[in-house]
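Chemist: Top to bottom, those sequences are chains G and F.
Read the first sequence against our numbering and you will find it ends at 401, with the numbers running on by one and no gaps.
Read the second sequence against our numbering and you will find it ends at 1166, with the numbers running on by one and no gaps.
If you're looking for bench data, these hints aren't it; they were derived computationally from the structure.
In this text, a Cβ means the ideal position worked out from N, Cα and C, and glycines have one as well.
Keep in mind that a hint or two might mislead.
What the hints assert, rightly or not - If you want a taste of the chain G side facing chain F, the calculated C-beta under 8 Å gives, among others: (1) His48; (2) Leu100; (3) Ala347; (4) Arg356; (5) Thr369; (6) Val398.
As the list claims (entries may be wrong) - Listed next, the stretches of chain F that the computed footprint assigns to chain G, with coverage defined by at least 3 CB atoms under 8 Å from CB atoms of chain G: (7) 1016–1023; (8) 1043–1052.
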Amino acid sequence: MTKSALGDAALVNRQTPDGRAVLRREVADLVRHCSGSEARQGFRVSAHGVSGHIFFDRGRVIHAEFGEDCGLRAVVEMLRAGPVQLERASTWPSQPSLHLGPELLLSMTARDASRVVRKVDLPVEPPPLPEPEAPELIAPSHAEAARVAGKRAISGVMPRWVGPGGEAPVEVPWAPAPALEARQEADASARTEAPAPSGTSAIASRCSAAVAVSRLAASVAVSERAKAVGRRAPTASIDPPAAALAQRPPSELPITRAQKARSRSITIARASRPIVPIATALEVPVPESQQGSAKPPAPPRPMAVAPRTAAQPTTMVRIAARGDLLAARGKNSERLAEAAAFIHGLANLIAADFGRQGRANVHLSGGGTSLLVARSEVNDIAAALGATERLTSLLAKVGLK
Amino acid sequence: MNQGFDVLQLVQDVDWVVGSFVADTSGELLVYLMPPEFGEEALRRTASRLASIVRSAELCGVEVDQCDLSLSRYQLVMNRNATGMVCAVVEAPVSRRALSMALRIALAELPRLIANLEPEVPGARDPALPLGIDVPRLALPAERFGPVASVTPPESASLARSNVSR
């Protein structure tokens, strides 16, 4: 790590044998620094036996890989990894795989941002409602209610609320007239203050204005209605337009997270399916030499491959077209890298013989184990060796399943 | 069955199969049923390279019995056992289940096919086979290593030596 990379040479912990500086910091700090820089910078990231790379170009992350993850998942995993070892990368991806802008990057580096990445949260019950005798305790800005609404909105469970003019309406049908007027005034002032916002900042400005107004209107309405009707008043988490609008994130995040959840559920479903031996399934006749044996054939065992799967962690490597090892995880990764380079070269020659230049992906399988060699989206060569069940999603991704 | 050759025709009957060929475990091309645009030399190289790919995977601990190559438009599917390997060139819409079953049958017939190949004179044509283009063709012996040196049995050599001395 050089002084220009992070601007703090005092944090350099040690040097590699070839003289390159190694720094130990959190990736969030790196992202915060590089998102404000116009330079092209690449870093090798190592933590907990997992390594990868992250590349910045004019403040944007254009490519990231970390262990078996690539793209946005890799960025999230790096952010979760805590303090990591950073050093200057010697390579540069041939083509970008990400376009994460500074705003989104900085929002991801927030301490709370990684909490909502992993799964889709289902709607939960709102917190217990206070008695109508204490209206000040039932303000819609209840911390727990806001958290739940935010998670719902990010996970994609809440629908998008879009007004006829393309902007977010804030409908509070049960609110009395003074609250609605206050909301409309504040909305108009927000529009005049920010005449032509664009992109993420536009959404953020609209959201912040709408949040303030809807909270104000809802608090007035709830307290007045609670006093007048004398029953339990609803909290802000029941107001779907305001809650969804208040916490609606930029449109990139929910799509990626939903894909990750879907791929995981597919893997789990396949792994839990009973595996019947091929001979039983096809009713292959038993050879005569085995027919006389006293020992009967073992009955089909469900989950027969599961112990082997658990014992064989997937080894994954990513190598450059010239054979440089970019990322590796698992044991015997060096041998896998060599095999991947060799297999990839031969597969390209076969493709050329068949008159097909371009990507040649190879999948070898046997005994419940698979070896996959594929060209990644940035023209690196990715290889994975492990249980076939675990590689199902990867195989489907490269069109070999 | 015509000496096991019709297993390739069986594979060919699966929709979206372009062609197929058989090689032994060392990657020597034995017989093929492919469109004319796929030359024999190219198939020979492909079989040899497939065997190398399998060997490299075995060094990584994979007991390979199947190999799939995605070559943009085409896919090359190889099933193998201890006798040899059956390869099929297919296009993407192929039914993988039907293809898998056809390749299993072909693999089961592979010992008989290879046994029938051994006594044959290289390049000889089986009279039982119908005339036509899409007929399995026997591959000629490999010539990539140049001509094989002639070997003289010891008895013949001593006889020749005695003739020369007389």
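Chemist: State for each hint whether it applies.
Modeler: Now for the hints, and whether the structure bears them out:
1. His48: This hint is violated: G/His48 lies away from chain F, its Cβ roughly 24 Å from the closest one there, beyond 8 Å.
2. Leu100: Status violated, d = 30 Å.
3. Ala347: holds (6 Å)
4. Arg356: holds (5 Å)
5. Thr369: Status holds, d = 5 Å.
6. Val398: With a minimum Cβ separation of about 7 Å from chain F (threshold 8 Å), the hint on G/Val398 holds.
7. 1016–1023: Not satisfied, violated; 0 residues make the cut.
8. 1043–1052: Contact hint for the segment 1043–1052 of chain F vs chain G: holds, 5 residues under 8 Å.
Hints 1, 2, 7 from the earlier list are contradicted by this structure; the remaining hints agree with it.
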